[in-house]
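Using the sequences provided together with the hints, build the complete structure.
Spelled out, the chains give:
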Amino acid sequence: MGTDIGTDMGTLAFDFAHFLAGGMLVMSFLLLYQDRITAVLNVYAMQSILLALAVGWQSVIQGAPHLLVTAAIALIVKGFIIPTALHRIVRRLGIHREIEQVIGAGPTMLTGLALVALSIMLVIPIGGKVSLLVREDLAFALAVILLGLLMMITRRNAVTQIVGFMSIENGLILAATGARGMPLVVEISVAFSVLIVLFVFGVFVFRIRERFDSVDVSALDRFRGGRGN
Amino acid sequence: MTAPVYTLLLIPVVAVPLLAVTGNYRIGAALNVLASGLTLLAAIALMFTPRVRTDIFIVDDFNIYLVTLTAFVGFTTSIFSATYISHELEIGRLTPAYLRFYHALYQAMLGAMNLALLANNMGLLWVGLEVATLTTVIMVGLYRTPEAVEAAWKYFILGSVGIALAFFGTLLVYLVAQETLGEGLPAMALDRLAQASAAFDPQLLSLAFVFLLVGYGTKVGLAPFHAWLPDAHSEGPTPISAVLSGLLLNVALYALLRFKIVLAGNTETLNVGAIMIALGLLSLVFAAFMLYRRRDIKRLFAYSSIEHMGIMTFAFGIGGPLANFAGLLHMTMHSLTKSAIFFSVGHIAQAKGTQNIASIRGLSTTHPVLAIGLALGVIAIAGMPPFGVFMSEFLLVSSSFERQPVFAIILVAGILVAFGALILRLQNVLFGEATGPAEPVKASYLPLFVHLALVLMAGLWLPEPVVHWFRTVAGQLG
Numbered sequence: 001m002g003t004d005i006g007t008d009m010g011t012l013a014f015d016f017a018h019f020l021a022g023g024m025l026v027m028s029f030l031l032l033y034q035d036r037i038t039a040v041l042n043v044y045a046m047q048s049i050l051l052a053l054a055v056g057w058q059s060v061i062q063g064a065p066h067l068l069v070t071a072a073i074a075l076i077v078k079g080f081i082i083p084t085a086l087h088r089i090v091r092r093l094g095i096h097r098e099i100e101q102v103i104g105a106g107p108t109m110l111t112g113l114a115l116v117a118l119s120i121m122l123v124i125p126i127g128g129k130v131s132l133l134v135r136e137d138l139a140f141a142l143a144v145i146l147l148g149l150l151m152m153i154t155r156r157n158a159v160t161q162i163v164g165f166m167s168i169e170n171g172l173i174l175a176a177t178g179a180r181g182m183p184l185v186v187e188i189s190v191a192f193s194v195l196i197v198l199f200v201f202g203v204f205v206f207r208i209r210e211r212f213d214s215v216d217v218s219a220l221d222r223f224r225g226g227r228g229n
Numbered sequence: 001m002t003a004p005v006y007t008l009l010l011i012p013v014v015a016v017p018l019l020a021v022t023g024n025y026r027i028g029a030a031l032n033v034l035a036s037g038l039t040l041l042a043a044i045a046l047m048f049t050p051r052v053r054t055d056i057f058i059v060d061d062f063n064i065y066l067v068t069l070t071a072f073v074g075f076t077t078s079i080f081s082a083t084y085i086s087h088e089l090e091i092g093r094l095t096p097a098y099l100r101f102y103h104a105l106y107q108a109m110l111g112a113m114n115l116a117l118l119a120n121n122m123g124l125l126w127v128g129l130e131v132a133t134l135t136t137v138i139m140v141g142l143y144r145t146p147e148a149v150e151a152a153w154k155y156f157i158l159g160s161v162g163i164a165l166a167f168f169g170t171l172l173v174y175l176v177a178q179e180t181l182g183e184g185l186p187a188m189a190l191d192r193l194a195q196a197s198a199a200f201d202p203q204l205l206s207l208a209f210v211f212l213l214v215g216y217g218t219k220v221g222l223a224p225f226h227a228w229l230p231d232a233h234s235e236g237p238t239p240i241s242a243v244l245s246g247l248l249l250n251v252a253l254y255a256l257l258r259f260k261i262v263l264a265g266n267t268e269t270l271n272v273g274a275i276m277i278a279l280g281l282l283s284l285v286f287a288a289f290m291l292y293r294r295r296d297i298k299r300l301f302a303y304s305s306i307e308h309m310g311i312m313t314f315a316f317g318i319g320g321p322l323a324n325f326a327g328l329l330h331m332t333m334h335s336l337t338k339s340a341i342f343f344s345v346g347h348i349a350q351a352k353g354t355q356n357i358a359s360i361r362g363l364s365t366t367h368p369v370l371a372i373g374l375a376l377g378v379i380a381i382a383g384m385p386p387f388g389v390f391m392s393e394f395l396l397v398s399s400s401f402e403r404q405p406v407f408a409i410i411l412v413a414g415i416l417v418a419f420g421a422l423i424l425r426l427q428n429v430l431f432g433e434a435t436g437p438a439e440p441v442k443a444s445y446l447p448l449f450v451h452l453a454l455v456l457m458a459g460l461w462l463p464e465p466v467v468h469w470f471r472t473v474a475g476q477l478g
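Heads up: the protein sequence lines correspond to chains Z and U, in order. Read in order, the letters of the first sequence are residues 1 to 229 in my numbering. Read in order, the letters of the second sequence are residues 1 to 478 in my numbering.
Hints are computed from structural coordinates only; laboratory data are not their basis. Treat the hints with care, since some could be wrong.
[What the hints assert, rightly or not] Label pairs and their computed distance ranges (CB to CB):
#: 1; chain 1: Z; residue 1: A85; chain 2: U; residue 2: L34; range: 29 to 39 Å
#: 2; chain 1: Z; residue 1: I124; chain 2: U; residue 2: Q195; range: 23 to 33 Å
#: 3; chain 1: U; residue 1: A30; chain 2: Z; residue 2: I124; range: 52 to 62 Å
#: 4; chain 1: U; residue 1: A413; chain 2: Z; residue 2: A117; range: 37 to 47 Å
#: 5; chain 1: Z; residue 1: H18; chain 2: U; residue 2: V466; range: 51 to 61 Å
#: 6; chain 1: Z; residue 1: G181; chain 2: U; residue 2: R295; range: 46 to 56 Å
#: 7; chain 1: U; residue 1: T365; chain 2: Z; residue 2: G104; range: 50 to 60 Å
#: 8; chain 1: U; residue 1: R26; chain 2: Z; residue 2: G22; range: 50 to 60 Å
#: 9; chain 1: Z; residue 1: G181; chain 2: U; residue 2: E90; range: 54 to 64 Å
#: 10; chain 1: U; residue 1: T95; chain 2: Z; residue 2: G94; range: 21 to 31 Å
#: 11; chain 1: Z; residue 1: I76; chain 2: U; residue 2: N24; range: 33 to 43 Å
#: 12; chain 1: U; residue 1: L34; chain 2: Z; residue 2: A117; range: 52 to 62 Å
#: 13; chain 1: Z; residue 1: L12; chain 2: U; residue 2: A199; range: 51 to 61 Å
[To be verified] Interface residues of chain U toward chain Z, partial, derived using beta-carbon atoms under 10 Å:
#: 14; residue: L175
#: 15; residue: G184
#: 16; residue: L185
#: 17; residue: A187
#: 18; residue: L204
#: 19; residue: F390
[Unchecked claim] Away from chain U, derived, C-beta distances all over 10 Å, residues of chain Z:
#: 20; residue: Y33
#: 21; residue: V60
#: 22; residue: F80
#: 23; residue: R97
#: 24; residue: G104
#: 25; residue: I120
#: 26; residue: Q161
#: 27; residue: L172
In this text the structure is predicted, and so the values were computed from the model without any measurement. For each residue, glycine too, the CB sits at the ideal point set by N, CA and C.
Pasting the structure below:
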């Protein structure tokens, strides 16, 4: 089972993996221009569920049952627990109705497209015996990672920056499961790190709020003046 | 066989929960010193046990020296930290509840760094560095001032970008290795990778290294990925600045070097040395000029750390036995000297109640012992004889003149510019007209002067076993 997924395998396995990874990428694009915080959290939850499905599918076609654990972690923790927790934080901070001005949605989307093109151009041509499926998965994963970085750069709100970071983690896990037989230790640690991150950010969001009465990180920039950096 | 490794890593595992529940800060500080001391003992014990490897952990000449250095500086810093925090408590910048956190995180960070150093599995190496980074992020924000929160935020954002890219690079290395080494753990073991890399696909390996370089390079603080470093150093508690500069940057550079060894086995990959030379020189020259306009004393030394990491990266980029030797020596000397400087700067900032260079004047009259400590540290870090930093810089300059004269000229120019900046900025601090509070401050001089004595000794005479050791590792680095 799943001993050879060659380039010639234009079958269901290939198409479905392609579909799921592509779905994650679409979610990344949605994240880029979504201006309501609750919507951002919902899109992130959708992306995580798609990730869980993609990982589960990989587990089937690779015949690697341990990947199901990773899929379950992604589904439960990132699909439900983290979004719910962030929803609660957002509501407690009273910013759940807030609309964040997304500056230059058009140029951002174009940059996003360029980043996708870049990741395809970087990863697809690599030679060796790496199968096309793996390479496509990697290209999608890299695109998700780069779009997450873009989101972190363009957003000014602490919560949406967190989501940007967590979508990067989604991309990382997609990439990790695409690589056949990568030991589980890494996947657990990635999931683990997300928890730490949530903790760190939870603390941060409250601290920033406490100090500035806002979670807009541009409030932080004011304190840079006069220090000569 | 690997028992000492587990002992070393188990100490923080026990210490972290223990410290987290210790309410009394004095007991907490004492426990912290004790745990760091035990780690040091375990590291020394590890030196005398045979070198071992499994697919998870490895003990070889290269990392054992860094483990010992990390444990040593971790231990001395914990002594310094005990005095430092009692003053912070007095003036109310920290509360006992925060100190519980602080001590637990301190041990977690030391443990994570040792994990990264001892890991043979490249995923574990990544995990260690990530945990160490996240714990320092929390500690940088510990004072909760707007500046501290901003610094921690910036550190976190840039650090996480580094984390993501380094992970992707690690993954690509695994992908390329599994074709030769098979699926599973063997394809993640760094030493196996280094042996088998000749058979790897050079294109994919090169791509992987670019990701690793940007990812781990961010943590080394190489320009242009250094933006987090000055803020993180200046806003956190000073013991954290000392371990950040003295240890964490080293561990990140170590990670990079491990992958450099892997690439060195394959002749068709991109020229890693050239990229490291370029990044190293850029960091050195950039930081040297940035030193001139600093107003905050801790930021000043943070830029000096960027400068020295640049020098080391340059040295390993040049490669060859002599330059590698110089790089390794410089790594050690910089760790010891920079942490000593932060020890003295920490007490000075407490004595004067400010980190602003212009407001700290005339230390030689108000706090003579601290002034001597700082002066010796600055002389050492600026690369003056007879200190060890001079030795390593001299070795590097002479070996690179022989092989790459143009780069050597840039190197010397950068070092001289930085030298001028340090002397210029600190002259008034030491010898200006005395201002500000002159009350004696409770300080622990022992760690400070032990570090300086070691740096001085290394400059005058390096013991034969140490030389032999550096030579072996320099050969291993290729």
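Hint check:
Between Z:A85 and U:L34, the C-beta spacing of about 37 Å keeps the proposed range 29 to 39 Å intact. Checked against the hint of 23 to 33 Å, the C-beta distance between Z:I124 and U:Q195 comes to roughly 30 Å, which is consistent with it. Judged by the Cβ atoms, the range 52 to 62 Å given for U:A30 and Z:I124 holds: they are separated by roughly 58 Å. U:A413 and Z:A117 have their C-beta atoms about 41 Å apart, which keeps the hinted 37 to 47 Å range intact.
Distance hint check for Z:H18 and U:V466: the Cβ-Cβ separation is about 56 Å, which falls inside the suggested range of 51 to 61 Å. At roughly 54 Å, the beta carbons of Z:G181 and U:R295 sit within the given window of 46 to 56 Å. For U:T365 and Z:G104, the hinted distance range of 50 to 60 Å is satisfied, since their beta carbons lie about 57 Å from each other. For U:R26 and Z:G22, the Cβ-Cβ distance of about 59 Å falls inside the hinted range of 50 to 60 Å, so the restraint holds.
The beta-carbon spacing between Z:G181 and U:E90, approximately 56 Å, falls within the hinted interval of 54 to 64 Å. Checked against the given bound of 21 to 31 Å, the beta carbons of U:T95 and Z:G94, roughly 28 Å apart, stay inside it. Between Z:I76 and U:N24 the C-beta distance comes to about 39 Å, which sits within the given range of 33 to 43 Å. The hint said 52 to 62 Å for the Cβ distance between U:L34 and Z:A117, and at roughly 56 Å that hint holds.
Take Z:L12 and U:A199: their Cβ atoms lie about 34 Å apart, and the range 51 to 61 Å is violated. Interface restraint check: U:L175 against chain Z, minimum CB-CB distance 5 Å, threshold 10 Å, status holds. With 10 Å as the threshold, the beta carbon of U:G184 comes within range of chain Z, its nearest partner Cβ sitting at about 5 Å, so the hint holds. With its C-beta approaching chain Z no nearer than about 6 Å, U:L185 sits inside the 10 Å limit, and its interface hint holds.
For U:A187, the interface hint holds, since its Cβ comes within 10 Å of a Cβ in chain Z; the closest pair sits about 8 Å apart. For the restraint placing U:L204 at the interface with chain Z, the shortest Cβ-Cβ distance is roughly 5 Å, inside the 10 Å limit, so the hint holds. With a least beta-carbon distance of about 30 Å to chain Z, the hint placing U:F390 at the interface is violated under the 10 Å criterion. The non-interface label for Z:Y33 is consistent with chain U: the shortest C-beta to C-beta separation is roughly 21 Å, beyond 10 Å.
Taking the minimum C-beta to C-beta distance to chain U, about 17 Å, the non-interface status of Z:V60 holds against the 10 Å cut. Under the 10 Å C-beta cut-off, the non-interface status given to Z:F80 relative to chain U holds; the minimum distance is some 23 Å. No Cβ of chain U approaches the Cβ of Z:R97 within 10 Å, the least distance being about 24 Å, so the stated non-interface status holds. Annotated as non-interface, Z:G104 keeps its C-beta farther than 10 Å from every C-beta of chain U; the closest such distance is 20 Å.
Under the 10 Å C-beta cut-off, the non-interface status given to Z:I120 relative to chain U holds; the minimum distance is some 13 Å. Residue placement check: Z:Q161 does not keep its beta carbon more than 10 Å from all beta carbons of chain U (closest about 7 Å). At the 10 Å boundary, the C-beta of Z:L172 falls inside the reach of chain U, the nearest C-beta of that chain being 5 Å off.
Hint check: violations occur at hints 13, 19, 26 and 27; the rest are consistent with the structure.
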